[in-house]
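Model the full assembly from the supplied sequences, consistent with the hints where possible.
One letter stands for each residue in the lines below.
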Amino acid sequence: MSFISRGFKGRRRDPGDPGRVPPGQYVTDDFPVLSAGPTPHTPLDEWTFSIVEGDERTTWTWDELRALPSETVNVDIHCVTRWSKLDTTWEGVSVDTLLEEAGAEAPYVLAFCDGGYTTNLPTEDVTGGKAWVAFGYDGEPLDPEHGGPARLLVPHLYFWKSAKWVRGLALREDDEPGFWETYGYHLYGDPWREQRYSGD
Amino acid sequence: MAGAAVLRRLTWVVATVEEVVEETPRVRTIVLDVPDWTGHRAGQHLDVRLTAEDGYRAEREYSIASAPGEPVAITVERLEDGEVSPYLTQELRVGDGIELRGPVGGYFVWDGEDAAPLLLVAGGSGVVPLRSMVRHHQRSGSATRVRLLYSSRTLDDVIYRMELDETGERVEVVYTLTRDHPAGWRGYARRVDPDLLAEVAWPVDDGARAFVCGPTSFVEAVAMSLVELGYAPARVKTERFGATGGR
Amino acid sequence: MEALDGNAIGGLLLEVFGAEMTTATGTCAGCGATAQVAGLVVYLEAPGTVVRCRSCDNTLIVIVDVRGRKCVDLQGLSRLEPAIH
Chain A
1 MSFISRGFKG RRRDPGDPGR VPPGQYVTDD FPVLSAGPTP HTPLDEWTFS IVEGDERTTW
61 TWDELRALPS ETVNVDIHCV TRWSKLDTTW EGVSVDTLLE EAGAEAPYVL AFCDGGYTTN
121 LPTEDVTGGK AWVAFGYDGE PLDPEHGGPA RLLVPHLYFW KSAKWVRGLA LREDDEPGFW
181 ETYGYHLYGD PWREQRYSGD
Chain B
1 MAGAAVLRRL TWVVATVEEV VEETPRVRTI VLDVPDWTGH RAGQHLDVRL TAEDGYRAER
61 EYSIASAPGE PVAITVERLE DGEVSPYLTQ ELRVGDGIEL RGPVGGYFVW DGEDAAPLLL
121 VAGGSGVVPL RSMVRHHQRS GSATRVRLLY SSRTLDDVIY RMELDETGER VEVVYTLTRD
181 HPAGWRGYAR RVDPDLLAEV AWPVDDGARA FVCGPTSFVE AVAMSLVELG YAPARVKTER
241 FGATGGR
Chain C
1 MEALDGNAIG GLLLEVFGAE MTTATGTCAG CGATAQVAGL VVYLEAPGTV VRCRSCDNTL
61 IVIVDVRGRK CVDLQGLSRL EPAIH
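Quick note, the sequences are listed as chains A, B and C, same order. So for the first sequence, this note's numbering puts the first residue at 1; every next one is plus one. So for the second sequence, this note's numbering puts the first residue at 1; every next one is plus one. So for the third sequence, this note's numbering puts the first residue at 1; every next one is plus one.
Wrong hints could be hidden among the right ones.
As the list claims (entries may be wrong) - Computed cross-link-like contacts, SDA-like style, restricted to lysine to any residue with a CA-CA straight-line distance of at most 25 Å:
| # | chain 1 | residue 1 | chain 2 | residue 2 |
| --- | --- | --- | --- | --- |
| 1 | A | K130 | A | E140 |
| 2 | A | K9 | C | A46 |
| 3 | A | K9 | C | V66 |
As the list claims (entries may be wrong) - Incomplete in silico selection of chain C near chain B, CB under 7 Å:
| # | residue |
| --- | --- |
| 4 | D5 |
| 5 | E15 |
| 6 | T23 |
| 7 | A35 |
| 8 | A38 |
What the hints assert, rightly or not - Label pairs and their calculated CB-CB ranges:
| # | chain 1 | residue 1 | chain 2 | residue 2 | range |
| --- | --- | --- | --- | --- | --- |
| 9 | A | P141 | B | G97 | 34 to 40 Å |
| 10 | B | E19 | C | K70 | 54 to 60 Å |
| 11 | C | R54 | B | P194 | 36 to 42 Å |
| 12 | B | D33 | A | T72 | 54 to 60 Å |
| 13 | C | L80 | B | E53 | 53 to 59 Å |
If you're looking for bench data, these hints aren't it; they were derived computationally from the structure. We treat Cβ as the ideally placed atom computed from N, Cα and C, and that holds for glycine.
Following this line, the structure appears as C-alpha cells:
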C-alpha cells in the first residue's frame, strides 16, 4: 500500500470522454515540450525534405514543399506520457502527395530528422489521408521547440511517431525500430489499444 | 556494511515535516525528521516523491539546505506554473509525511578537506546547496577562505539574507541584484558577467575550487568565464537547475 | 526546457546501479571524449531520460521506465568506470 501525500492533487487530470480520449490519458490545455536532445536550427535555405527508396531520392527544398498543395486539419493528439490535447489545428502537406510524387512504394517508412531522431511506421499508416508534413500550428509557423520548421504529423498513433524536425522518409522492406522503439517503446503505438511499450 | 548503506539510500522512506520556515514570500525551508538518517555531505540532494489519491505521482529533486550534522532540511521555491512546488510551499504542514530518497550525489559536494579557497557562485535558488557548504564551513570551524557570489533578481528574493549577512570574516558574501535594487544600494546591480567575476573570484594563483549552481544558462556562462580567467576546468564544479530554478 | 546535467539523475542512477554514479567517468563511443557523469547533458522531459555527450551530442545513455521497471541502454558509452572511493 503506497504512501499517499495528504492534500496533493497535481495538475488537473481530466480523463475526458472515453469515446474521444484513449485509455490512460488525461486532457490538457497546455502543449508540453518533450525533447530528447537540443533543438536543431537548420536555416530554411539549407532545409530539404527527401523521400528515399534504395538508391532513389526525391528532394524538395523549403520553397518547393511550400508550393505543394497543403491543407489545414483539426485533430486530437495523444502523447505516450499520458497527456492528450484535443482540437489542435495544423497546416501541412499530406504525405500522400509526397509519396505519389516520389513514386515510392515499400511497406514501411523510417522517418529521419535533424538531430538524429528516427521513428518507424507502416507506409499504410502515413497514407490515405492519415499523415502530413506539418509546418503550421494554430495558425502560426511551427515553433522550433515543437518541431519547426516542419514535423511529421500522424495523429492516430502516439505522438512520438509525429517526429519533430523531420527531414525525410526512408522507404524500407522491413520495420526497422526507430529511436524510442529501440529503447523499449512499442513498434506500432496505437493509443486506442494502449500500445505504449514493446509487448503491450 | 557498505552494501546496506547503499540500499538504505536508494529506498523511499516517509519523513515527517518538523518545521517550516517562510524564507521569502515564495520560498520555504522544510525541516524534516527522516527515519534512520545516516547523515549527508554538503551539496547533496534529496529526491522527493508525491503521490495523489488516484496513484498519480510526481518526483522532484531538492538540494539539502542544512549542513552535515544538522536536521535535514530542503528549501523550495514556488514556481508559477509548478505542480510540486505549490504543494510543498503552501499545502504541506508540520506533521505531514513526505516520501523521499537519498542523500544523492558525490560530485557536487564539499567536505572541507581541501585548504584551497572556495568560490561559490549562486544563481537564484542555486544558492541552496552552497548554503549547506557555508553552514558546514561555519560548524566545522574551517580556516578555508570562502567567497559566495549570489545573484538574485531583487533584494526581496535573496534567501537566507540575515544568516548570510552574519557569516563573519572567513566567509565573504557578495550580492548582485539583476532586476531591481533599493535606493542607495552600493552593491553590484547587474547580471554576473566576466568583468564582475574577475573582480570577485579568487586570483587564479590561489588554486581555488569553485562550485557554480543555478539555471543552466547561468551556470554555463559562469563556468566558461572562470575557465577563461584561468581556473582549471577540474576545479570548477557545476550543478544545473532547470530554467525556472527547479528540477 | 533547458538541458540539465548528470547531477539531476543521481537518484535514478543510484536506483539502477546501486551505486553513486555521478562521479563515474564515461567514454563516448562516438567521439572518445571522457567526462564524469555529473557533467553530461541530460534531457528529462521526454518519454525517457536521455544523456548526451557534451562534446558531440551523441546519445550515451537512455533510461526508459517500462511498466515500473527501469530499462537502461548504455550503447553510446564505450566505457563507464565508477570513481574510486
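Tested hints:
Proximity of K130 (chain A) to E140 (chain A) is assessed by CA-CA distance (about 22 Å); at most 25 Å being required, the pair is judged to hold. About 22 Å separates the Cα atoms of K9 (chain A) and A46 (chain C), which keeps this hinted pair within 25 Å; it holds. Our distance criterion of 25 Å between C-alpha atoms is met by K9 (chain A) and V66 (chain C), whose separation comes to about 24 Å. The interface hint given for D5 (chain C) holds, since its Cβ lies 5 Å from the closest Cβ of chain B, which is under the 7 Å cut-off.
The interface hint given for E15 (chain C) holds, since its Cβ lies 5 Å from the closest Cβ of chain B, which is under the 7 Å cut-off. Annotation: T23 (chain C) was flagged as interfacial toward chain B, and the flag holds, the nearest CB pair being 5 Å apart, inside 7 Å. Among the interface hints, the one on A35 (chain C) is violated; its C-beta lies about 10 Å from the nearest C-beta in chain B, farther than the 7 Å criterion. Below 7 Å, beta-carbon pairs count as interface contacts, and A38 (chain C) has one with chain B at about 4 Å; its hint therefore holds.
Restraint check, P141 (chain A) to G97 (chain B): a C-beta distance of roughly 48 Å breaks the suggested window 34 to 40 Å. A beta carbon spacing of about 34 Å between E19 (chain B) and K70 (chain C) contradicts the range 54 to 60 Å that was offered as a hint. Taking 36 to 42 Å as the suggested C-beta distance range, the pair R54 (chain C) and P194 (chain B) does not conform, at roughly 21 Å. Range check, D33 (chain B) to T72 (chain A): about 58 Å between beta-carbon atoms, so the 54 to 60 Å window is met.
Evaluation of the 53 to 59 Å hint for L80 (chain C) and E53 (chain B) yields a failure: the beta carbon distance comes to about 40 Å.
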